[in-house]
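Peer 1: Here the protein sequences come in this chain order: A and B.
Here the first sequence is numbered in the numbering used here, starting from 1 and rising by one per residue.
Here the second sequence is numbered in the numbering used here, starting from 1 and rising by one per residue.
Hints are not guaranteed to be accurate.
Which copy? The list can't say, so a pair holds if one copy fits it or any two copies do.
Listed below are the simulated DSS-like cross-link pairs for lysine-lysine, each with C-alpha atoms no more than 25 Å apart in a straight line [as the list claims (entries may be wrong)]:
1. Lys308 x Lys49
2. Lys350 x Lys13
3. Lys7 x Lys169
4. Lys378 x Lys348
5. Lys7 x Lys201
6. Lys351 x Lys387
7. Lys98 x Lys7
8. Lys146 x Lys351
9. Lys119 x Lys13
10. Lys13 x Lys98
11. Lys232 x Lys201
12. Lys326 x Lys378
13. Lys232 x Lys13
14. Lys232 x Lys88
FYI, nobody ran anything at the bench for these hints, they're computed from the structure.
Small disclaimer: the values here were computed from a predicted structure and weren't measured.
2 protein chains.
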Amino acid sequence: MINETYKARLSAKSVIRELAEYATARGEEIGYENVFDYSLGNPSVPTPKAYDEAVIRMHQDMDSMSLHGYSPSLGNTKVRGIVADSLKRRFGVDYETKHIFMTSGAAGALAHAIRLVTKPGDEVLTFAPFFPEYGPYVNDTGAVLKVVPARTEDFQINFEAFSSMMNEKVQAVLINSPNNPSGVVYSEETLTKLGDFLRSKEAEYGHDIFLISDEPYREIVFDGEVCPYPTKFYDNTLSCYSYSKSMSLPGERIGYIAVSPRATDADILAVICGQISRGIGHNCPSATPQMGIASVIDETADLRVYEKNRNLLYDALTDLGFTVVKPGGTFYIFPKALEEDAVAFCQKAKKYDLILVPADNFGCPGYFRMAYCIDTEKVERSIPVLKKFVETEYPDR
Amino acid sequence: MINETYKARLSAKSVIRELAEYATARGEEIGYENVFDYSLGNPSVPTPKAYDEAVIRMHQDMDSMSLHGYSPSLGNTKVRGIVADSLKRRFGVDYETKHIFMTSGAAGALAHAIRLVTKPGDEVLTFAPFFPEYGPYVNDTGAVLKVVPARTEDFQINFEAFSSMMNEKVQAVLINSPNNPSGVVYSEETLTKLGDFLRSKEAEYGHDIFLISDEPYREIVFDGEVCPYPTKFYDNTLSCYSYSKSMSLPGERIGYIAVSPRATDADILAVICGQISRGIGHNCPSATPQMGIASVIDETADLRVYEKNRNLLYDALTDLGFTVVKPGGTFYIFPKALEEDAVAFCQKAKKYDLILVPADNFGCPGYFRMAYCIDTEKVERSIPVLKKFVETEYPDR
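Taking the hints into account, I'd like the entire structure generated from these sequences.
Peer 2: What follows is the structure, given as structure tokens:
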């Protein structure tokens, strides 16, 4: 019989998807260049040329079995070693091959990480604003996602609320820095406090609490900064990564879990992930993108456009009087709407062909998200439109 | 806390994996060409050249976003259409784009199909001998796999046992034809009887019973035959396919579910699969192999070697007095061991550097599997060794 739980989801509509579909339809009407589509977080810069060249060479030179054969279920061993070395070099954490588990993007990484450190009925805490897919990512494992309210002044962690929600059933805490949707990077101070707090709770409860760190935007950080690396602040950390954003490879589904070498049972956690794979249809990520990213491991796409767009939008929004925290990374910005109901606000924006996403689903009602992974030229053209929208719809501000 | 259920699996050893590791280690000692490794079902023939050429062209000519961007969660729409057309042309079933859900190989297809038509606690029946991974594939969803004993005279379905195990809790029946490990192809007679039986049980219980048909070996059929297509015999069929074997692409993780257009809710089952994906870390299969297989949709690797090997081994085993059903397809053969304990039998074979897999895990104790996806030259060299093994260890037969 057809599973009614999954079937029932079809009637729950995705706001982002609906807006993206609207943008596409509207684009067909008036030309897509005239729709200021800030709805979707799809990378807008090309994949590094060296990646494509590496894939071409692999298909020209490698024998078929070595290229297209099964990779081990934990991932291509050589690729795992290259990832470990790169992380060690960059962050000074003593990763070895055994700590790396290759996955189908960050979604695959999270699917394994959550099952690895929770059982059905356990609680997983995350922090608003948060990526709405965390709901099914966590709840479909049988664990229960609970959301700590946002600290809206800077979108760092609201430790007061966090502390009041913490309890013995919490087996994992899920963070995302740089953050989708706020663009905020957790500071060293936040991560230090988080590590201290989790260690104290591990001692109090007498069990491990794992930090699942979702880091697909790790490389998209502005102002010459480097994103503080959560694993350095807390030993029981599973670093979940994807090359979707940094190398503009979202369709190729390639990422990994890096198990902190200082985590409990660090030497076998990747092997246990291999057991989890058996039930969720993940034998190994595709062979070609595994070898592809390994051949250009420390490269990224040209990510500078995102900083340029951030600057333009942050300045424009500030000038227009929006309350907005300056994003330290990602390609998102997360201002407060100009009326309490962000859905109504975004609805009005549509009249100006501005596609903005209300943040109710991100656990932060009253705010909206703009995904500025679009051409700078379009961002520039959108600013007078934004101004017109604000001045027309909210003249008394 | 680390999930103890998954952790406990590390102590359960995989017989196949252990044998394969032994074969590799032994190969390093005496030269791999001297180890007659019949343990692993890895395709041994190259991927069609046209596939590699298509991938190279894609990486040379396509713009980065079109090639590496997110594909929709149900799969690249154009690719789904090409798959539907190909199946329609070949099997006369009226598939359309909406009936095809692209997956990461057959493992991904089964992970979705089982969740689609069962809920935790439901029963799924399969037939011995069966692929041992069906255990975690089914049981990790919360449904319960039950195995109908084998009909050893021809490895078609044992309907008597099937009928006695059928009950209202059975929501899905999982078949695999051509079969791993027996190599047997279900006949039209078997599939007709199966369809009739399931229809009668649907009427009796008043609910749908889905047939999940795992078909990675569909294209590897011998003697000029075509594998009878289960969807033609039963409407509520989900055909789960992988290009791993037919195109020798196991590492690229590419396959699909084809929903019978005559299944209950046929038009929305692929969409529901898209909802299931959210919780199991599958956003879409990798973009490149999706487009790669679509560009060579009706090609296969040169599969003739498997038939040649089948002939050699079947004749040799028969000559040596083994009880063995002639495989109609795949690259497996499944003889009865020469003593009751197939584990002991295979252990003795190792002395002759013959790596055979005892079938206890396949739900068929007393039998063993040979995966003959190896060079014909090696099969030929193995035959005198097989003879020596039998004559030395079982002189009184």
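Peer 1: Output the indices of the hints that this structure fails to meet, ascending.
Peer 2: 8, 13
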